[in-house]
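Peer 1: Listed below are the residues making up each chain.
2 protein chains.
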Amino acid sequence: MFKLLKTQGCARLGEFHTVHGVIKTPVFMNVGTQAAIKGGLSSFDLKEIGCQVELSNTYHLTLRPGDEIIRDLGGLHKFMNWDRPILTDSGGFQVFSLAKLRNIKEEGVYFSSHIDGRKLFMGPEESMTIQSNLGSTIAMAFDECVENPAEYSYAKASHERTVRWLERCIKKMRELNASDNAVNPHQMLFGINQGATYADLRIENMKRIAEFDLDGYAIGGLAVGEPTETMYEIIEKVEPFAPKDRPRYLMGVGTPVNILEAVDRGVDFFDCVMPARNARHGHLFTSQGVLNIHNAKYMKDDSPIDPECGCHVCRNFSRAYIRHLFKAGEMLALRLSVMHNLYFYNSLMEKIRESLEKGTFADFKEKNVYILGQRI
Amino acid sequence: MFKLLKTQGCARLGEFHTVHGVIKTPVFMNVGTQAAIKGGLSSFDLKEIGCQVELSNTYHLTLRPGDEIIRDLGGLHKFMNWDRPILTDSGGFQVFSLAKLRNIKEEGVYFSSHIDGRKLFMGPEESMTIQSNLGSTIAMAFDECVENPAEYSYAKASHERTVRWLERCIKKMRELNASDNAVNPHQMLFGINQGATYADLRIENMKRIAEFDLDGYAIGGLAVGEPTETMYEIIEKVEPFAPKDRPRYLMGVGTPVNILEAVDRGVDFFDCVMPARNARHGHLFTSQGVLNIHNAKYMKDDSPIDPECGCHVCRNFSRAYIRHLFKAGEMLALRLSVMHNLYFYNSLMEKIRESLEKGTFADFKEKNVYILGQRI
Numbered sequence: 001m002f003k004l005l006k007t008q009g010c011a012r013l014g015e016f017h018t019v020h021g022v023i024k025t026p027v028f029m030n031v032g033t034q035a036a037i038k039g040g041l042s043s044f045d046l047k048e049i050g051c052q053v054e055l056s057n058t059y060h061l062t063l064r065p066g067d068e069i070i071r072d073l074g075g076l077h078k079f080m081n082w083d084r085p086i087l088t089d090s091g092g093f094q095v096f097s098l099a100k101l102r103n104i105k106e107e108g109v110y111f112s113s114h115i116d117g118r119k120l121f122m123g124p125e126e127s128m129t130i131q132s133n134l135g136s137t138i139a140m141a142f143d144e145c146v147e148n149p150a151e152y153s154y155a156k157a158s159h160e161r162t163v164r165w166l167e168r169c170i171k172k173m174r175e176l177n178a179s180d181n182a183v184n185p186h187q188m189l190f191g192i193n194q195g196a197t198y199a200d201l202r203i204e205n206m207k208r209i210a211e212f213d214l215d216g217y218a219i220g221g222l223a224v225g226e227p228t229e230t231m232y233e234i235i236e237k238v239e240p241f242a243p244k245d246r247p248r249y250l251m252g253v254g255t256p257v258n259i260l261e262a263v264d265r266g267v268d269f270f271d272c273v274m275p276a277r278n279a280r281h282g283h284l285f286t287s288q289g290v291l292n293i294h295n296a297k298y299m300k301d302d303s304p305i306d307p308e309c310g311c312h313v314c315r316n317f318s319r320a321y322i323r324h325l326f327k328a329g330e331m332l333a334l335r336l337s338v339m340h341n342l343y344f345y346n347s348l349m350e351k352i353r354e355s356l357e358k359g360t361f362a363d364f365k366e367k368n369v370y371i372l373g374q375r376i
Numbered sequence: 001m002f003k004l005l006k007t008q009g010c011a012r013l014g015e016f017h018t019v020h021g022v023i024k025t026p027v028f029m030n031v032g033t034q035a036a037i038k039g040g041l042s043s044f045d046l047k048e049i050g051c052q053v054e055l056s057n058t059y060h061l062t063l064r065p066g067d068e069i070i071r072d073l074g075g076l077h078k079f080m081n082w083d084r085p086i087l088t089d090s091g092g093f094q095v096f097s098l099a100k101l102r103n104i105k106e107e108g109v110y111f112s113s114h115i116d117g118r119k120l121f122m123g124p125e126e127s128m129t130i131q132s133n134l135g136s137t138i139a140m141a142f143d144e145c146v147e148n149p150a151e152y153s154y155a156k157a158s159h160e161r162t163v164r165w166l167e168r169c170i171k172k173m174r175e176l177n178a179s180d181n182a183v184n185p186h187q188m189l190f191g192i193n194q195g196a197t198y199a200d201l202r203i204e205n206m207k208r209i210a211e212f213d214l215d216g217y218a219i220g221g222l223a224v225g226e227p228t229e230t231m232y233e234i235i236e237k238v239e240p241f242a243p244k245d246r247p248r249y250l251m252g253v254g255t256p257v258n259i260l261e262a263v264d265r266g267v268d269f270f271d272c273v274m275p276a277r278n279a280r281h282g283h284l285f286t287s288q289g290v291l292n293i294h295n296a297k298y299m300k301d302d303s304p305i306d307p308e309c310g311c312h313v314c315r316n317f318s319r320a321y322i323r324h325l326f327k328a329g330e331m332l333a334l335r336l337s338v339m340h341n342l343y344f345y346n347s348l349m350e351k352i353r354e355s356l357e358k359g360t361f362a363d364f365k366e367k368n369v370y371i372l373g374q375r376i
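Residue numbers (the numbering used here), protein chains in the order written: chain C, 1 to 376; chain G, 1 to 376.
These are computed hints drawn from the structure, not numbers from a lab.
Some clues are possibly wrong.
Note that identical chains are pooled: a pair holds if it fits in a single copy or bridges any two copies.
For lysine-lysine, the following PhoX-like pairs were computed, each having C-alpha atoms within a straight-line distance of at most 25 Å [as the list claims (entries may be wrong)]:
(1) Lys-119 <-> Lys-105
(2) Lys-297 <-> Lys-78
(3) Lys-6 <-> Lys-244
(4) Lys-237 <-> Lys-358
(5) Lys-24 <-> Lys-3
(6) Lys-3 <-> Lys-207
(7) Lys-78 <-> Lys-300
(8) Lys-78 <-> Lys-327
(9) Lys-100 <-> Lys-327
(10) Lys-327 <-> Lys-119
(11) Lys-237 <-> Lys-156
(12) Lys-351 <-> Lys-100
(13) Lys-24 <-> Lys-244
(14) Lys-105 <-> Lys-156
(15) Lys-100 <-> Lys-156
Could you put together the complete structure from these sequences and hints?
Peer 2: Structure below.
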């Protein structure tokens with residue numbers, strides 16, 4: 001259940017109530033694709049860095065270790081020892097981006113595993129069954145994520161099929177939640193808006209999926225190659241047709257600047273692999289912009305990554321130490337960097353929420369949208 | 001200052017008082033070669049797993065980031081944020097095992113860096129200066145670690161040179177500790193017994209170095225290829241000549257069984273990369289023997305690595321989860337495994353100390369010397 005607490009322009013402060021606790025929005029979800037966070041972070045580290053929602057991947061987990069194994073072990077929460085909300089994506093995006101030899105039919109997608117080439121099939125029912133076995137808090141509908149740019153005719157046919165798939169997802173999820181051995185009988189379902197970069201298709205799609213009265217609505221198929229301005233325009237066009245009383249989730253986005261711009265356009269949920277991936281390359285987010293820890297000037301620098309940051313890493317370790325760990329090839333370099341970058345994201349969302357609470361979001365955005373994009 | 005609290009046969013329960021706190025012996029030192037523990041463990045994890053002494057490497061740290069940089073940053077304790085004792089080895093062993101194009105002279109060793117081929121020199125004075133810059137609690141004397149098997153004549157000439165080097169180490173360390181800008185003016189020095197596998201040379205060497213009244217005495221040059229029984233014999237032969245009122249440190253040893261046998265022969269300090277290295281290969285120590293987590297039988301096993309273990313990993317994660325992390329190539333697999341194995345070692349030492357306290361060490365050893373060597 002979503003409570004809209006305050007708005008400022010299109011930006012929204014809210015609370016999303018789930019069986020695993022309340023999610024304060026806007027929120028950034030921390031990605032643990034294979035039930036673990038890159039850089040060696042455990043579920044305990046996630047609490048340390050202020051993570052509200054962990055995100056895992058249906059496609060990866062069904063291939064390895066297998067969703068039935070996770071179900072038999074009591075579900076994903078127990079498996080990874082995490083008691084707060086988990087969102088699982090539907091596997092749709094990974095089937096289209098990772099799997100090989102895809103063949104899309106009305107019933108679903110035939111593909112080969114990127115791990116061992118096994119021939120597999122996933123349709124709406126399979127995706128719902130897997131997510132039910134995982135027992136996540138929020139399941140995502142199975143959709144086709146069309147590559148950008150896409151032909152208009154293809155994008156139209158695809159979004160219409162995605163709507164038909166959504167109906168099947170809803171029916172299947174209802175059955176699964178009602179079954180006696182559901183890991184999480186209160187599993188929620190978010191629909192996903194598609195339509196490539198065509199505003200009319202996006203709007204038509206959002207109107208159609210809004211009718212199903214789902215727990216939340218995602219915007220998918222963006223940040224996949226189109227210009228950033230196009231992404232912002234699509235959000236602006238489609239936002240008026242997204243139910244006001246449901247959270248909106250912009251999938252796979254993005255930089256701190258992208259997040260500020262999208263919050264300003266009415267988005268509540270985010271996720272992205274970028275903070276962890278950048279961390280592993282030594283690109284660390286700070287309140288003054290992005291820092292490259294490999295830079296020789298940090299060799300003797302005993303200040304923390306970001307003097308304004310309150311994270312475990314900034315409270316305890318210096319730039320000089322972290323730079324040394326990178327140069328020496330120590331795994332601890334990655335762990336500390338990922339911890340810091342994810343904390344930075346979670347903390348940015350907290351500041352955004354504070355500014356919405358105080359009614360100062362416009363100023364906060366104005367000030368940070370320039371600084372946070374800088375390389376220092 | 002070493003306090004011998006109790007003995008049982010040759011086995012000893014003691015306390016070693018240092019400027020960074022008291023070390024309860026017998027003790028296993030946790031190896032952080034490059035000022036970080038393999039598997040992404042930080043100094044906070046070291047506290048979590050009950051580490052008393054961290055061990056870092058002079059050779060590695062002088063090459064990278066450079067001991068003068070660490071000195072300028074306040075020493076190794078501050079650099080890695082660890083306030084308990086640190087032992088640094090002298091660099092001798094690494095110069096002989098890692099460096100290239102070695103040329104051993106009376107003044108010291110000329111060699112090339114294994115990282116970039118740079119031509120370098122290290123003698124007793126250089127080793128002491130580097131360790132003084134690092135500011136460790138305990139410095140090790142600079143020695144030649146002779147390969148086994150060695151010619152008698154070579155082993156004899158080498159141990160005699162090592163004694164001459166020790167005199168120079170003592171003189172230099174005294175100067176460094178007295179200097180105004182010593183990072184740790186209370187730095188202690190351990191001598192190292194050498195003499196290859198020749199009992200007469202080992203004994204002669206121990207008698208000679210015992211005269212210097214050092215803070216502790218190590219047995220070096222063992223566990224480098226000789227049969228295990230030879231190692232035990234050497235310890236037995238040399239032990240009566242090691243000062244009773246000083247701790248004895250068996251360098252680079254070993255398996256849990258090796259440790260039990262060596263404690264039984266009067267050894268107080270240990271270090272070894274094996275628990276961390278084995279962990280990275282999925283070989284996990286348990287109270288019932290060594291377990292290979294890759295084994296398919298653990299796929300759905302929701303019990304902890306070792307049901308009798310009280311570590312963070314065993315309290316919170318299952319064999320099935322850790323096996324999955326290995327199969328999925330997640331760094332967290334390594335971190336959790338290293339944490340567990342190091343905790344196992346630290347906890348084994350604690351149990352050894354408890355049994356010495358109670359006078360039941362012989363029974364404890366008898367029972368575990370078989371079990372701990374098993375593969376389950």
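Peer 1: For every hint, state whether the structure bears it out.
Peer 2: Status of the hints after comparison with the structure:
Taking the shortest alpha-carbon separations for Lys-119 and Lys-105, only the intra-copy value of 15 Å comes in at or below 25 Å, while the best inter-copy value is 65 Å. Proximity of Lys-297 to Lys-78 under the C-alpha cut-off of 25 Å is restricted to the inter-copy arrangement: shortest distance 20 Å between copies versus 44 Å within a copy. For the identical chains of this complex, Lys-6 and Lys-244 are intra-copy neighbours only, at 12 Å inside a copy versus 74 Å across copies, given an alpha-carbon limit of 25 Å. Proximity of Lys-237 and Lys-358 under a CA criterion of 25 Å is satisfied in neither setting, with 27 Å inside one chain copy and 77 Å between copies.
Taking the closest pair of Cα atoms, Lys-24 and Lys-3 come within 25 Å of each other only inside a single copy of the chain (10 Å); across copies the shortest separation is 57 Å, beyond that limit. Only within a single protomer do Lys-3 and Lys-207 lie at most 25 Å apart by alpha-carbon distance; the minimum there is 21 Å, versus 80 Å between protomers. Proximity of Lys-78 and Lys-300 under a CA criterion of 25 Å is satisfied inter-copy only: 13 Å between copies versus 43 Å inside one chain copy. Only between protomers do Lys-78 and Lys-327 lie at most 25 Å apart by alpha-carbon distance; the minimum there is 19 Å, versus 37 Å within a single protomer.
In this homomeric assembly, Lys-100 and Lys-327 come within 25 Å of each other (Cα to Cα) only across copies, at 21 Å, whereas the closest approach inside a single copy is 36 Å. In the homo-oligomer, the alpha carbons of Lys-327 and Lys-119 lie at most 25 Å apart only across protomers (20 Å), although the nearest pairing inside one protomer, at 42 Å, exceeds that limit. For the identical chains of this complex, Lys-237 and Lys-156 are intra-copy neighbours only, at 17 Å inside a copy versus 85 Å across copies, given an alpha-carbon limit of 25 Å. Taking the shortest Cα distances, Lys-351 and Lys-100 never come within 25 Å of each other, neither inside one copy (41 Å) nor across copies (54 Å).
Taking identical chains as interchangeable, the C-alpha atoms of Lys-24 and Lys-244 lie at most 25 Å apart only when both belong to the same chain, with a minimum of 16 Å there against 63 Å between chains. For a Cα distance limit of 25 Å, the shortest separation of Lys-105 from Lys-156 inside one copy, 15 Å, qualifies, whereas the shortest one across copies, 80 Å, does not. Taking the shortest Cα distances, Lys-100 and Lys-156 sit within 25 Å of each other inside one copy (24 Å), while across copies they are farther apart (66 Å).
Violated hints, in rising order: 4, 12; the structure is consistent with all others.
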